[in-house]
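Novice: Protein chains in written order, with the numbering used here: chain A, 47 to 161; chain B, 2 to 115.
Note that these hints are calculated values from the structure, not bench results. Check each hint, because a few of them may be wrong.
[Unchecked claim] Restraint ranges, calculated between C-beta atoms of paired labels, are given here:
#1 B:I21 - A:T132: 32 to 42 Å
#2 B:P53 - A:V98: 40 to 50 Å
#3 B:H77 - A:G86: 21 to 31 Å
#4 A:K60 - B:F40: 39 to 49 Å
#5 A:K103 - B:K72: 21 to 31 Å
Heads up, the beta-carbon is just placed ideally off N, CA and C, and yes, glycines get one too.
Here are the chains, one letter per residue:
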Amino acid sequence: DGGITQSPKYLFRKEGQNVTLSCEQNLNHDAMYWYRQDPGQGLRLIYYSQIVNDFQKGDIAEGYSVSREKKESFPLTVTSAQKNPTAFYLCASRGAPGQGGTEAFFGQGTRLTVV
Amino acid sequence: QQQVKQSPQSLIVQKGGISIINCAYENTAFDYFPWYQQFPGKGPALLIAIRPDVSEKKEGRFTISFNKSAKQFSLHIMDSQPGDSATYFCAASRGHFGNEKLTFGTGTRLTIIP
Chain A
47 DGGITQSPKY
57 LFRKEGQNVT
67 LSCEQNLNHD
77 AMYWYRQDPG
87 QGLRLIYYSQ
97 IVNDFQKGDI
107 AEGYSVSREK
117 KESFPLTVTS
127 AQKNPTAFYL
137 CASRGAPGQG
147 GTEAFFGQGT
157 RLTVV
Chain B
2 QQQVKQSPQS
12 LIVQKGGISI
22 INCAYENTAF
32 DYFPWYQQFP
42 GKGPALLIAI
52 RPDVSEKKEG
62 RFTISFNKSA
72 KQFSLHIMDS
82 QPGDSATYFC
92 AASRGHFGNE
102 KLTFGTGTRL
112 TIIP
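Just chain B, same shape as in the assembly:
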């Protein structure tokens, strides 16, 4: 069963534009929602994460928007750059103890074109 659904599967954005990736979850026990960035042949690395007590978190050009009632969260990349071209994964877990398993979405391949 897919507990975290991610869309779109691939995304092409022009340099300087806004990239938006969406995720939806089913398990209401989830309370930790990270986004990971992965470059080819490398392991994923944490980009930004949010807990459901806030509706938005911003770090530089990256923003997570969170809608608890809709069980949805999204990643916005402002002023997208060619170096942002990578695969992005959303994830969710019960974060209370910090060592719970992460459930991942299927990934979005982002390509930023000049």
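In isolation and in its complexed conformation, chain A is listed as follows:
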């Protein structure tokens, strides 16, 4: 069935390590997004991509990197430069009106914890 799959559900990172969060969608959406969720701060945009091979920084891009080599995939790397990476990370995709509407669909999230 169609949707967005994030993996893993839980991820533990040691200090100084880079980790990559996976996000795959089979909705044929052009746009994909990464948000970070912290208690009391809502969803803050990290990076987004409106088309393959192109992406833009969001409001809190420092310490993160992304790639968009395939339409279906938008992995997020949390680098050692991100000083406070413990959070709930959400991936979303959104289509143009001709792709079935403007609703944004979210994955089930990855909870990253620094140990």
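Got chain A; can you put chain B on it based on the hints?
Specialist: Leaving out everything else, chain B in the frame of chain A:
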């Protein structure tokens, strides 16, 4: 900068009552205003959305009221039920092309008590 302000941060409503959550936005280029519902440990899911050409949209027990001149919109949940207990987020975007980024409010934790 917080372009979408949401209140209250938390809300407790008795079963059968009306839950009201408010949002205000700054960017007049926004033209798509969705509300998302999120249960613990899950991703948000679209509840209802509105465009500024209408002042109200109703879907079942959920209604969005929109005031373009005041740059405010609100979610009303009628006959609130314990199953409505969740975190609610308002959001806004320029919806013209459908793939624009969504800017979210800070969320409201709603608890419905028996």
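Novice: All hints, please: hold or fail.
Specialist: Hint by hint, here is what the structure shows:
| no. | hint | verdict |
| --- | --- | --- |
| 1 | B:I21 - A:T132: 32 to 42 Å | 33 Å, holds |
| 2 | B:P53 - A:V98: 40 to 50 Å | 31 Å, violated |
| 3 | B:H77 - A:G86: 21 to 31 Å | 24 Å, holds |
| 4 | A:K60 - B:F40: 39 to 49 Å | 30 Å, violated |
| 5 | A:K103 - B:K72: 21 to 31 Å | 26 Å, holds |
Violated hints, in rising order: 2 and 4; the structure is consistent with all others.
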